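Participant: Just so you know, the sequences run in chain order U and A. So for the first sequence, the numbering used here puts the first residue at 1; every next one is plus one. So for the second sequence, the numbering used here puts the first residue at 1; every next one is plus one.
Hints are supplied without guarantee of correctness; some may be wrong.
What the hints assert, rightly or not - Facing chain U, from chain A, some residues (calculated, C-beta under 10 Å):
hint	residue
1	Thr131
2	Thr133
3	Ala495
4	Asp503
Claimed, not checked - Below, simulated DMTMM-like cross-link-like pairs (lysine to aspartate or glutamate); rule was C-alpha separation at most 25 Å, straight line:
hint	chain 1	residue 1	chain 2	residue 2
5	U	Lys208	A	Asp503
6	A	Lys362	U	Asp172
7	U	Lys147	A	Glu288
8	U	Lys147	U	Glu175
9	U	Lys147	A	Asp262
10	U	Lys147	A	Asp337
11	A	Lys362	U	Glu175
12	A	Lys362	U	Glu76
13	A	Lys362	A	Glu380
14	A	Lys362	U	Glu5
15	A	Lys362	U	Asp123
16	A	Lys362	A	Asp184
17	A	Lys362	A	Glu471
18	A	Lys362	A	Glu242
19	A	Lys362	A	Asp503
20	A	Lys362	U	Asp112
What the hints contain is simulated information worked out from the structure, not anything from laboratory work. This one's a predicted model, so the numbers in the text were calculated from it and none came from an experiment. Beta carbons: idealized from backbone N, C-alpha and C, even for Gly.
In case you want the letters, here they are:
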Amino acid sequence: MASPELSLVERRARIDTIAPHIVPVTTAGQQLLPVVPALASLFPRAGLQRGTVVSLAGSGGALSLAFAVCAAASAEGSWLAVVGTERLGLAAVDELGVHLGRLVLVDAPPVDQWGTVVATLVDAFDLVLVVTREPIDAGQARRLTAKARERGSVILQVGRWAWPDAPDVRLDVIECRWDGLGEGHGTLTSRQITVTAVNRRDARPRRKSALWLPDTEGTVSRVTDAGAEPAAVTLADAG
Amino acid sequence: MAVTRTMVVWCPDWPIVAGGHPLDEPVAVFHANRVVACSPAARANGVAQGLRRRSAQARCPALVVVERDRDAEARRFEAVAAALDAITPRIEITRPGACAFPTRGPSRYFGGDASLADRVLVLVAGVLADTGTVRVGVADGPFAAGLAARRAPDGGAHLVVAGESPGFLAPFAVGVLDRPELTDVLMRLGLGTLGDFAALDAADVIGRFGAAGRAAHRLASGLDEVPPATTEPPADLEVAVELDPPIERVDQAAFVAKTAADDLDRRLGERGAVCTRVLIGAETEHGERRERLWRHEGSLTAVAVAQRVRWQLDGWLNGAPATRPSGGLSRLYLRPDEIGPATGRQLGFWGEQTAGVERAAKAVARVQGLLGPRAVTMAERAGGRQPHDQLALVPVDGAALADQVHALDAPPSPPWPGQLPSPSPIVVHHQPLPAQVLDHRRHPVEVSGRGLVSAAPCWLAIGAEPAGWLEISGWAGPWPLDERWWDVAHARRRARFQVVTNDGRARLLGLERQRWWVDAAYE
Chain U
1 MASPELSLVE RRARIDTIAP HIVPVTTAGQ QLLPVVPALA SLFPRAGLQR
51 GTVVSLAGSG GALSLAFAVC AAASAEGSWL AVVGTERLGL AAVDELGVHL
101 GRLVLVDAPP VDQWGTVVAT LVDAFDLVLV VTREPIDAGQ ARRLTAKARE
151 RGSVILQVGR WAWPDAPDVR LDVIECRWDG LGEGHGTLTS RQITVTAVNR
201 RDARPRRKSA LWLPDTEGTV SRVTDAGAEP AAVTLADAG
Chain A
1 MAVTRTMVVW CPDWPIVAGG HPLDEPVAVF HANRVVACSP AARANGVAQG
51 LRRRSAQARC PALVVVERDR DAEARRFEAV AAALDAITPR IEITRPGACA
101 FPTRGPSRYF GGDASLADRV LVLVAGVLAD TGTVRVGVAD GPFAAGLAAR
151 RAPDGGAHLV VAGESPGFLA PFAVGVLDRP ELTDVLMRLG LGTLGDFAAL
201 DAADVIGRFG AAGRAAHRLA SGLDEVPPAT TEPPADLEVA VELDPPIERV
251 DQAAFVAKTA ADDLDRRLGE RGAVCTRVLI GAETEHGERR ERLWRHEGSL
301 TAVAVAQRVR WQLDGWLNGA PATRPSGGLS RLYLRPDEIG PATGRQLGFW
351 GEQTAGVERA AKAVARVQGL LGPRAVTMAE RAGGRQPHDQ LALVPVDGAA
401 LADQVHALDA PPSPPWPGQL PSPSPIVVHH QPLPAQVLDH RRHPVEVSGR
451 GLVSAAPCWL AIGAEPAGWL EISGWAGPWP LDERWWDVAH ARRRARFQVV
501 TNDGRARLLG LERQRWWVDA AYE
């Protein structure tokens with residue numbers, strides 16, 4: 001018990017000496033899965049918070065963005081399960097930086113088994129990417145969210161938002177433009193997308209970011225004013 | 001206690017035989033893009049275990065490439081084991097393709113090791129019926145007997161006189177111990193043969209190499225790997241699962257196998273024990289009973305036990321009509337037949353994240369139980385020019401999940417000329433979608449035999465009944481692809497285009513025989 005004679009400053013000093021010893025064992029930093037620096041600004045704590053649900057949708061590039069979000073965590077040892085994309089181009093997933101040795105693909109299960117399959121995966125995988133076309137039953141969705149929170153996994157849902165509750169982080173690709181193709185020449189080299197990020201626990205309005213996905217080097221980077229436009233565009237314009 | 005005199009029955013090249021391929025044709029069985037087994041004809045052409053598919057095909061162009069099917073290997077081997085049931089009930093399967101049993105009783109009954117071996121050879125040859133060969137080895141202990149079987153001629157036996165196993169083992173290279181890390185050190189120490197290694201003092205070996213070294217030293221000295229236990233394993237280690245309703249299909253069995261194996265692993269773990277031999281048994285709804293022993297060098301992990309249970313049930317349920325149970329299986333039990341102290345497993349010593357692999361393997365097994373084994377796939381590096389050729393999808397083998405992680409750590413294969421430059425499309429249609437491409441005068445765009453476009457493409461419609469027209473804002477091509485022109489059936493000429501439409505999306509189009517297709521999309 002602090003004696004009443006102590007001044008406020010002295011009490012503060014005491015608290016400061018105790019504080020390092022009583023911090024929780026698990027700090028917030030340990031509950032984050034890493035993301036590449038270019039994507040950090042999309043997430044409130046500059047990383048994927050374990051136990052959350054992320055929704056990705058938009059006019060083109062949402063699937064690539066989803067894998068780009070998973071890439072850093074996958075490279076550092078997290079396992080990634082993908083449900084319901086029979087037509088996945090693995091070479092592109094590889095180029096986005098996902099470790100293919102820790103990637104498991106599951107065929108789209110029949111509707112009545114969907115919940116069980118995804119719950120099993122959420123139990124064991126750090127990252128579970130689901131592509132949905134049908135809305136998900138409310139009770140099932142809540143069970144999955146609860147399971148993800150309990151196990152510390154991240155569910156990424158690609159496609160139209162199909163869950164009854166709002167996602168923790170919602171990323172929408174609102175603009176998508178490819179560079180590198182001209183009239184009969186060039187090849188696709190880079191893509192610029194504009195993403196809006198809305199965070200459920202964040203009072204700030206949506207944040208907008210412009211990204212290269214990929215840039216001419218094949219990596220994800222932020223679009224800066226100083227950043228050089230790809231050479232192929234100038235060529236195309238001239239032609 | 002003396003070493004158990006053992007007979008090993010070995011069917012060489014079992015993955016080939018089980019696949020139903022004749023041994024006189026060049027056939028190789030692959031797993032994760034590496035040769036795991038090859039027929040004698042392929043071996044004569046320079047194909048060897050561990051080669052990559054492309055190197056193997058380069059050495060032997062006529063090579064027939066087969067994917068490994070471990071379930072079929074185990075299922076077909078059950079017929080061999082069932083034939084030997086007439087000789088002894090103590091058959092233990094080491095792996096599909098090899099089994100062992102103690103010879104003491106049967107050898108006396110049939111009048112000596114030599115006549116027992118002849119009998120076994122006749123029985124197994126009857127089951128194989130010219131599809132494969134068999135070799136038999138008799139020696140003190142399964143390890144020496146296994147090597148004796150390798151020494152035997154095709155369809156013959158090699159007998160090592162009782163008590164002379166250490167001398168028989170001495171000239172073998174240390175590589176036969178199948179412990180790469182240990183053998184590597186031994187070779188560098190100048191200990192090239194089992195005899196050199198066995199001559200070391202046992203205490204020194206334990207001091208330097210620990211428990212794993214001791215086990216290897218015992219093998220090299222012609223002893224059992226672990227000192228035989230003098231007491232029976234306690235009965236409460238048995239795990240039994242009542243199956244209600246009875247199961248008749250192997251996919252239903254897979255999930256039960258996993259649960260039972262996990263349970264067994266947990267119980268053994270509580271006692272600090274490992275299981276080196278497990279009895280897998282099943283009872284049917286008509287009261288029949290089937291049992292089989294499975295042995296493993298080292299110790300059986302939960303995943304390995306589950307895999308063996310699945311194989312065994314598969315062998316019973318899909319076996320020959322004569323041995324197949326008449327009803328569904330109503331009870332499954334696993335009894336550790338031989339246990340030893342757990343000498344400790346060093347997890348993650350070589351940099352793999354074992355906990356993550358094990359959790360993933362469990363989830364994969366469960367999902368495969370729900371959706372079937374082919375529903376869960378992983379990537380495997382292959383070669384090719386089309387987007388879907390470069391990385392193939394293979395069904396996940398839960399037990400081999402860690403191997404698959406490593407297989408993908410290998411550097412990618414050299415570039416294929418004609419491969420598309422990166423970025424690669426993220427959506428690849430295995431069945432390309434039909435499409436129509438028109439020029440500015442609304443005429444179909446064509447490509448001439450010399451690779452020239454009739455006019456610049458302007459409009460794109462996708463699907464058999466397109467919903468609308470997309471305006472093409474940028475395009476490049478045609479990039480001709482002339483594949484397998486030497487093979488009439490598989491030859492294809494395709495012109496490829498990249499196009500960007502005004503909705504901001506990019507697609508990869510293909511033109512073949514005047515028809516347009518959407519091959520892939522850059523979503």
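Participant: State for each hint whether it applies.
Facilitator: Structure-based check of all given hints:
no.	hint	in the structure
1	Thr131	violated (34 Å)
2	Thr133	violated (37 Å)
3	Ala495	violated (13 Å)
4	Asp503	holds (7 Å)
5	U:Lys208 x A:Asp503	holds (20 Å)
6	A:Lys362 x U:Asp172	violated (34 Å)
7	U:Lys147 x A:Glu288	violated (42 Å)
8	U:Lys147 x U:Glu175	violated (33 Å)
9	U:Lys147 x A:Asp262	holds (22 Å)
10	U:Lys147 x A:Asp337	violated (39 Å)
11	A:Lys362 x U:Glu175	violated (40 Å)
12	A:Lys362 x U:Glu76	holds (21 Å)
13	A:Lys362 x A:Glu380	holds (21 Å)
14	A:Lys362 x U:Glu5	violated (61 Å)
15	A:Lys362 x U:Asp123	holds (10 Å)
16	A:Lys362 x A:Asp184	violated (33 Å)
17	A:Lys362 x A:Glu471	violated (49 Å)
18	A:Lys362 x A:Glu242	holds (21 Å)
19	A:Lys362 x A:Asp503	violated (43 Å)
20	A:Lys362 x U:Asp112	holds (21 Å)
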